[in-house]
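S.K.: I would like the entire structure built from these sequences, with the hints used as guidance.
There are 2 protein chains.
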Amino acid sequence: MKHDGLRKPSEDLTRILAENVRGFRHAKRLSQEELADLCGLHRTYIGSVERGERNATLSTLETLAGALDVSVIELLSKRDLNDEV
Amino acid sequence: MKHDGLRKPSEDLTRILAENVRGFRHAKRLSQEELADLCGLHRTYIGSVERGERNATLSTLETLAGALDVSVIELLSKRDLNDEV
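Taken in sequence, the protein lines are chains P and X. First residue of the first sequence? That's 1 in full-length UniProt numbering, and the numbers climb one at a time after it. First residue of the second sequence? That's 1 in full-length UniProt numbering, and the numbers climb one at a time after it.
FYI, nobody ran anything at the bench for these hints, they're computed from the structure. All values reported here derive from a predicted model rather than from experimental measurement. There may be inaccurate statements among the hints.
As the list claims (entries may be wrong) - Simulated coverage check for chain X against chain P, where a stretch passes if three residues somewhere in it have a Cβ under 8 Å from a Cβ of chain P:
| # | stretch |
| --- | --- |
| 1 | 8–21 |
| 2 | 62–76 |
Claimed, not checked - What follows is a set of in silico ranges between Cβ atoms, one per label pair, in the way DEER data are often shown:
| # | chain 1 | residue 1 | chain 2 | residue 2 | range |
| --- | --- | --- | --- | --- | --- |
| 3 | P | Glu53 | X | Arg51 | 28 to 34 Å |
| 4 | P | Gly66 | X | Arg79 | 20 to 26 Å |
| 5 | P | Asp69 | X | Thr44 | 33 to 39 Å |
Just so it is clear, CB atoms sit at the ideal spot from N, CA and C, and this is done for glycine as well.
M.R.: Following this line, the structure appears as structure tokens:
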């Protein structure tokens, strides 16, 4: 099973990450720009994560999780809509 | 907080991923080469993940998890030594 093209994460996991980054960011009343600055990432990168367009690396997931005061596991876990964010 | 050099995941998370990939691989009695084939990855890549030398992307984490029949969350979660693997 050789992969040729660039890999992409599943839609499901990408959507979970996108929703969680946005949800935790809102909960901390941060703009995308403010979160980007906290992470040392470009502002547009945060937008693209929240649109589900990124194949983030482990280190970037950790940087995002750290800035949002959550764990990487929480960042990748499906949240119940009425979960307290 | 601008990051200049290449990011690296924390030692902690890298070790958790390394131990889990090896543990789940052993549990399925797969060699590194067999797991690499299942994932469409190079054999040496599996070795480098298990030595904690990789900053894996989300899609690669999903590919590994799928081949090992676990979730990405399980792949990244610290396991108790006497956890049934």
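S.K.: For each hint, tell me whether it holds in the structure or not.
M.R.: Quick rundown of the hints versus the structure:
Given a C-beta distance limit of less than 8 Å, the hint that chain P covers the stretch 8–21 of chain X holds, as 6 residues qualify and 3 suffice. Evaluation of the coverage hint for the stretch 62–76 of chain X: fulfilled, as 5 residues show C-beta separations to chain P shorter than 8 Å, against a requirement of three. Roughly 31 Å separates the CB atoms of Glu53 (chain P) and Arg51 (chain X), a value that falls within the hinted 28 to 34 Å. Against the hinted window of 20 to 26 Å, the Cβ-Cβ separation of Gly66 (chain P) and Arg79 (chain X) comes to about 22 Å, which satisfies the hint.
Taken as a hint, the range 33 to 39 Å holds for the pair Asp69 (chain P) and Thr44 (chain X), whose Cβ atoms sit roughly 37 Å apart.
Checked against the numbered hints given earlier, the structure satisfies every one of them.
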